[in-house]
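Number of protein chains: 2
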Amino acid sequence: MRGLWIEDGTLEFRSNLSLEPRANECRVQVRRAGVCSTDLALHRGYMGFRGIPGHEFVGVALDGPLKGQRVVGEINAGCGSCDRCKRGLERHCASRTVLGIFQRHGCFAEQLQLPLQNLLVVPDALTDDAAVFTEPLAAAFEISEQVPLSPGMQAVVVGDGRLGLLCAHVLAKHGVEVTLAGRHPERAERLSGVRHLSGLFEAESPDGDSSYDLAVEATGDPTVLPRLFTHVCPRGTIVLKTTSEQPATIDFAPAVIDELTIVGSRCGRFEPALAELAAGTLDVESMVDDRFPLESGARAFERASEPGVLKVLIDVE
Amino acid sequence: MRGLWIEDGTLEFRSNLSLEPRANECRVQVRRAGVCSTDLALHRGYMGFRGIPGHEFVGVALDGPLKGQRVVGEINAGCGSCDRCKRGLERHCASRTVLGIFQRHGCFAEQLQLPLQNLLVVPDALTDDAAVFTEPLAAAFEISEQVPLSPGMQAVVVGDGRLGLLCAHVLAKHGVEVTLAGRHPERAERLSGVRHLSGLFEAESPDGDSSYDLAVEATGDPTVLPRLFTHVCPRGTIVLKTTSEQPATIDFAPAVIDELTIVGSRCGRFEPALAELAAGTLDVESMVDDRFPLESGARAFERASEPGVLKVLIDVE
Numbered sequence: 001m002r003g004l005w006i007e008d009g010t011l012e013f014r015s016n017l018s019l020e021p022r023a024n025e026c027r028v029q030v031r032r033a034g035v036c037s038t039d040l041a042l043h044r045g046y047m048g049f050r051g052i053p054g055h056e057f058v059g060v061a062l063d064g065p066l067k068g069q070r071v072v073g074e075i076n077a078g079c080g081s082c083d084r085c086k087r088g089l090e091r092h093c094a095s096r097t098v099l100g101i102f103q104r105h106g107c108f109a110e111q112l113q114l115p116l117q118n119l120l121v122v123p124d125a126l127t128d129d130a131a132v133f134t135e136p137l138a139a140a141f142e143i144s145e146q147v148p149l150s151p152g153m154q155a156v157v158v159g160d161g162r163l164g165l166l167c168a169h170v171l172a173k174h175g176v177e178v179t180l181a182g183r184h185p186e187r188a189e190r191l192s193g194v195r196h197l198s199g200l201f202e203a204e205s206p207d208g209d210s211s212y213d214l215a216v217e218a219t220g221d222p223t224v225l226p227r228l229f230t231h232v233c234p235r236g237t238i239v240l241k242t243t244s245e246q247p248a249t250i251d252f253a254p255a256v257i258d259e260l261t262i263v264g265s266r267c268g269r270f271e272p273a274l275a276e277l278a279a280g281t282l283d284v285e286s287m288v289d290d291r292f293p294l295e296s297g298a299r300a301f302e303r304a305s306e307p308g309v310l311k312v313l314i315d316v317e
Numbered sequence: 001m002r003g004l005w006i007e008d009g010t011l012e013f014r015s016n017l018s019l020e021p022r023a024n025e026c027r028v029q030v031r032r033a034g035v036c037s038t039d040l041a042l043h044r045g046y047m048g049f050r051g052i053p054g055h056e057f058v059g060v061a062l063d064g065p066l067k068g069q070r071v072v073g074e075i076n077a078g079c080g081s082c083d084r085c086k087r088g089l090e091r092h093c094a095s096r097t098v099l100g101i102f103q104r105h106g107c108f109a110e111q112l113q114l115p116l117q118n119l120l121v122v123p124d125a126l127t128d129d130a131a132v133f134t135e136p137l138a139a140a141f142e143i144s145e146q147v148p149l150s151p152g153m154q155a156v157v158v159g160d161g162r163l164g165l166l167c168a169h170v171l172a173k174h175g176v177e178v179t180l181a182g183r184h185p186e187r188a189e190r191l192s193g194v195r196h197l198s199g200l201f202e203a204e205s206p207d208g209d210s211s212y213d214l215a216v217e218a219t220g221d222p223t224v225l226p227r228l229f230t231h232v233c234p235r236g237t238i239v240l241k242t243t244s245e246q247p248a249t250i251d252f253a254p255a256v257i258d259e260l261t262i263v264g265s266r267c268g269r270f271e272p273a274l275a276e277l278a279a280g281t282l283d284v285e286s287m288v289d290d291r292f293p294l295e296s297g298a299r300a301f302e303r304a305s306e307p308g309v310l311k312v313l314i315d316v317e
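So the sequences go chain by chain: A and B.
In terms of the numbering used here, the first sequence opens at residue 1 and continues consecutively.
In terms of the numbering used here, the second sequence opens at residue 1 and continues consecutively.
There may be inaccurate statements among the hints.
Because identical chains cannot be distinguished in the list, a pair is counted as satisfied if it fits within a single copy or across any two copies.
Claimed, not checked - Pairs of lysine to aspartate or glutamate, EDC-like flavour, derived with a Cα cap of 20 Å:
1) Lys-67 / Glu-110
2) Lys-86 / Glu-110
3) Lys-67 / Asp-290
4) Lys-86 / Asp-213
5) Lys-86 / Glu-25
6) Lys-86 / Asp-258
7) Lys-86 / Asp-251
Read the hints as simulated data drawn from the structure, not as lab findings.
Work out the full structure: start from the sequences and follow the hints.
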């Protein structure tokens with residue numbers, strides 16, 4: 001089959017790929033996929049990935065009870081039998097594989113495979129473009145599973161890229177007063193009830209006080225975390241939504257003195273994200289800056305790495 | 001009055017000190033005080049402290065309704081009128097002073113002053129030596145206010161100094177299965193139900209797995225935190241009980257991938273600590289390695305900074 005392949009830091013289109021059938025898994029004919037910054041990092045050599053990348057997709061199930069239906073799929077495939085899997089935390093299974101990221105080929109190809117229980121049927125009203133956003137929106141919803149959110153809470157989301165926008169939406173949906181800090185004032189305007197703040201905490205916060213109950217780091221810049229320490233109120237929470245390939249030098253004393261809580265946050269359950277997209281209150285389609293056919297995957301990766309680009313799609317069909 | 005004085009990195013005994021009376025505060029005649037690693041840091045210039053150091057004490061109230069009674073005192077004095085003070089979080093008041101640490105003279109002198117509401121009467125059965133441990137034990141109890149503890153939970157306390165021992169005791173009291181990691185196997189033996197692990201996580205954990213639900217960092221070594229990332233299970237918690245004068249270089253990716261929670265933890269309420277000491281289930285007096293009269297404060301600081309010393313007391317009376 002046709003698909004993209006990453007090996008030794010190179011990305012290329014290949015037309016001679018095949019999938020090794022896995023027991024108890026469902027094949028999916030990929031229709032559309034999204035390029036994520038993790039894909040760009042894998043291309044640069046992150047995690048030594050070798051194989052078909054891609055983990056944001058919508059497609060059609062080819063086997064089993066969902067055959068013929070349009071589906072999205074949770075990207076972590078657990079062993080199914082360990083304690084974590086039994087508690088619904090397959091995404092923390094020690095033996096997990098991760099679609100297009102770890103030990104499992106991804107969605108930048110005509111077909112992929114996932115366990116049946118990873119697949120969710122996409123409501124008819126949802127476009128393919130919107131459905132591709134289920135995975136990143138689920139990552140934003142993960143915050144609401146980890147941190148108690150309440151109306152009136154003051155939060156700042158640092159970084160107004162795609163993930164920052166989705167996090168801001170999820171917080172605002174829970175009644176949180178959200179400030180979106182970034183370089184693109186027009187992006188906050190897409191979201192109802194979210195105010196904009198220029199800059200990525202290069203300088204002091206406008207009121208000069210440690211005023212936020214919650215801060216969400218969505219920049220991928222590891223130097224942002226220690227700067228957030230002075231902008232979150234005592235006993236406040238900082239959520240780390242991004243990883244970086246670079247370590248950061250951090251003085252933790254302010255976080256201890258103010259008794260801050262720092263929460264690492266990664267993939268989320270697809271169900272609330274899919275329901276939110278189906279409700280139609282979030283315009284994700286306007287975040288699509290460009291699209292390329294599968295054969296032009298290298299150009300899609302280049303375009304996705306340009307500053308200011310929110311989302312690049314790959315049309316597989 | 002007589003007391004110790006820190007200025008420009010020097011510590012000296014002075015006999016000509018006096019306290020400026022503060023409105024609505026109670027004077028306390030200090031009987032006994034403890035030297036803490038924070039005192040040693042202030043001596044090295046931490047926070048640019050200038051004044052009388054010391055914040056662990058037992059004494060006798062000289063004014064007001066508690067006059068003549070033996071007391072210990074919470075070290076953070078809030079403004080009393082801000083939102084945080086009203087919520088009982090005086091220790092996070094933005095205008096707070098801190099006994100012997102910030103903007104307030106401490107207990108290494110014949111007298112100190114604190115707001116009346118900071119003082120707690122010491123039960124008769126408690127010795128002066130034991131009462132001095134109320135402040136550090138309260139800091140250990142703070143963990144139980146911040147992190148849900150449940151029987152059977154697996155925890156590791158890293159660092160078997162005084163604070164590590166007290167944290168291990170508090171966790172064990174809540175039914176947590178505690179491993180105390182440090183260089184002194186005999187210290188874990190003082191605590192019932194606490195097992196010992198050699199070393200401070202220089203190497204892999206014995207089972208080679210990320211097995212702990214909770215880790216408490218009580219070493220003061222900022223390089224310990226990132227090493228703990230691989231020893232705590234996904235969705236687990238790391239409590240930072242110490243600050244360091246040095247920053248650390250940290251790769252946060254493992255903490256994000258495993259969705260760890262990192263909790264800064266500082267001073268705690270005195271009430272549960274005093275009740276625990278009064279119950280007599282914790283032998284703190286055996287932690288006292290040495291004691292010096294107030295005039296020999298410099299020697300007390302030297303002794304407290306020697307490796308392996310748990311607690312040095314200063315006899316003020």
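Hints, verified against the model:
no.	hint	in the structure
1	Lys-67 / Glu-110	within (16 Å within a copy, 83 Å between copies)
2	Lys-86 / Glu-110	neither (32 Å within a copy, 61 Å between copies)
3	Lys-67 / Asp-290	neither (30 Å within a copy, 76 Å between copies)
4	Lys-86 / Asp-213	between (33 Å within a copy, 17 Å between copies)
5	Lys-86 / Glu-25	within (18 Å within a copy, 57 Å between copies)
6	Lys-86 / Asp-258	between (36 Å within a copy, 17 Å between copies)
7	Lys-86 / Asp-251	neither (38 Å within a copy, 30 Å between copies)
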